[in-house]
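Peer 1: Could you put together the complete structure from these sequences and hints?
If you read the protein sequences in the order shown, they are chains U and V.
Per this note's numbering, the very first residue in the first sequence carries number 1; after that it's consecutive.
Per this note's numbering, the very first residue in the second sequence carries number 1; after that it's consecutive.
Do not rely on the hints blindly, as some may be mistaken.
[To be verified] Covered stretches of chain V (chain U as the covering partner; in silico rule of three or more C-beta atoms under 8 Å from a C-beta of chain U):
| no. | region |
| --- | --- |
| 1 | 44-58 |
| 2 | 83-97 |
| 3 | 107-115 |
[As the list claims (entries may be wrong)] Below, simulated BS3-like cross-link-like pairs (lysine-lysine); rule was C-alpha separation at most 30 Å, straight line:
| no. | chain 1 | residue 1 | chain 2 | residue 2 |
| --- | --- | --- | --- | --- |
| 4 | V | Lys38 | V | Lys70 |
| 5 | V | Lys3 | V | Lys38 |
| 6 | U | Lys78 | V | Lys38 |
| 7 | U | Lys78 | V | Lys3 |
| 8 | V | Lys38 | U | Lys11 |
Simulated from the structure, these hints should not be mistaken for laboratory data.
Since the structure is predicted, the reported quantities are computational estimates derived from the model, not experimental observations.
Note that beta-carbon positions come from the ideal geometry of N, C-alpha and C, so glycine has one too.
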Amino acid sequence: GAGVSQTPSNKVTEKGKYVELRCDPISGHTALYWYRQSLGQGPEFLIYFQGTGAADDSGLPNDRFFAVRPEGSVSTLKIQRTERGDSAVYLCASSRGLAGGKGQETQYFGPGTRLLVL
Amino acid sequence: AQKVTQAQTEISVVEKEDVTLDCVYETRDTTYYLFWYKQPPSGELVFLIRRNSFDEQNEISGRYSWNFQKSTSSFNFTITASQVVDSAVYFCALSGLFSGGYNKLIFGAGTRLAVHP
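Peer 2: Structure representation (C-alpha cells):
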C-alpha cells in the first residue's frame, strides 16, 4: 500500500509569510506525528494526533505553529509569520494508533517537506 | 534527562568491510523502546528495528545485527559486508513514559555512513 505522503516536497517563502504543509498518512493509521529536522540534526518532535485531536502538542516551538487534522486523516501544519529559523525539513509520520498512547507503535515516516525561509 | 548520543558523526568504509554504529542512551524509564532508522539521500526515514527494554536478545536480520546492552545503556548497530547502498544517515531513537510519552521519539544526531566501492 501507499506510504506516508507529504506535499509540497519543497517550499520557498519569504520571511513573514504564512505556509501550510500537508501530510497524508498511511490508510487506516489513526495516529499522526509531525517532526522538524534541522540541518545535521536528528528529527525533533512537534505534535502527535490521535484521530482528530492533538494528544500532545508539547513540541510546538511557539504560537506561530499550529496543526490540524479535521477528519482524522490528512493533517496540515501551519506556520504564521515565518522566520529564517523555521527553515528545516518537516517530517510527518503515522502509526496504527491501536496503543492509544499507552504503548509504543512503530512510526512510519514520509519524505518530508523542505522549507526554506528567505 | 532523556537523551540519545551517537558519538560518531561520520564513518567512511570500503565496500565489504563490517561497520558498527554506536548508540548510547539515557532514560529514567524502566520500560522504554529503542529504534534505528535509516535516512538515505532521498530524505525519507526508513524503519529498521524496534526493541523494548525487557528484551535484551541480540537480533540479526540479513547483514544487519543489533546488540542491546542494558548494563552500558547501549544499542549498537552492525552492518556486515557493507555495500554502497548502505550509504545513508542512521538515527538511533528512544521513547518512554518519562521521555515525553511513548509517542514521542527522541532522536540522536545521526551517523553519516559512506561506503565506497
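Peer 1: For each hint, tell me whether it holds in the structure or not.
Peer 2: Evaluation of the provided hints:
no., hint, verdict
1, 44-58, "holds (count 6)"
2, 83-97, "holds (count 3)"
3, 107-115, "holds (count 4)"
4, V:Lys38 to V:Lys70, "holds (23 Å)"
5, V:Lys3 to V:Lys38, "holds (19 Å)"
6, U:Lys78 to V:Lys38, "holds (27 Å)"
7, U:Lys78 to V:Lys3, "holds (28 Å)"
8, V:Lys38 to U:Lys11, "holds (24 Å)"
In this structure, every one of the numbered hints holds.
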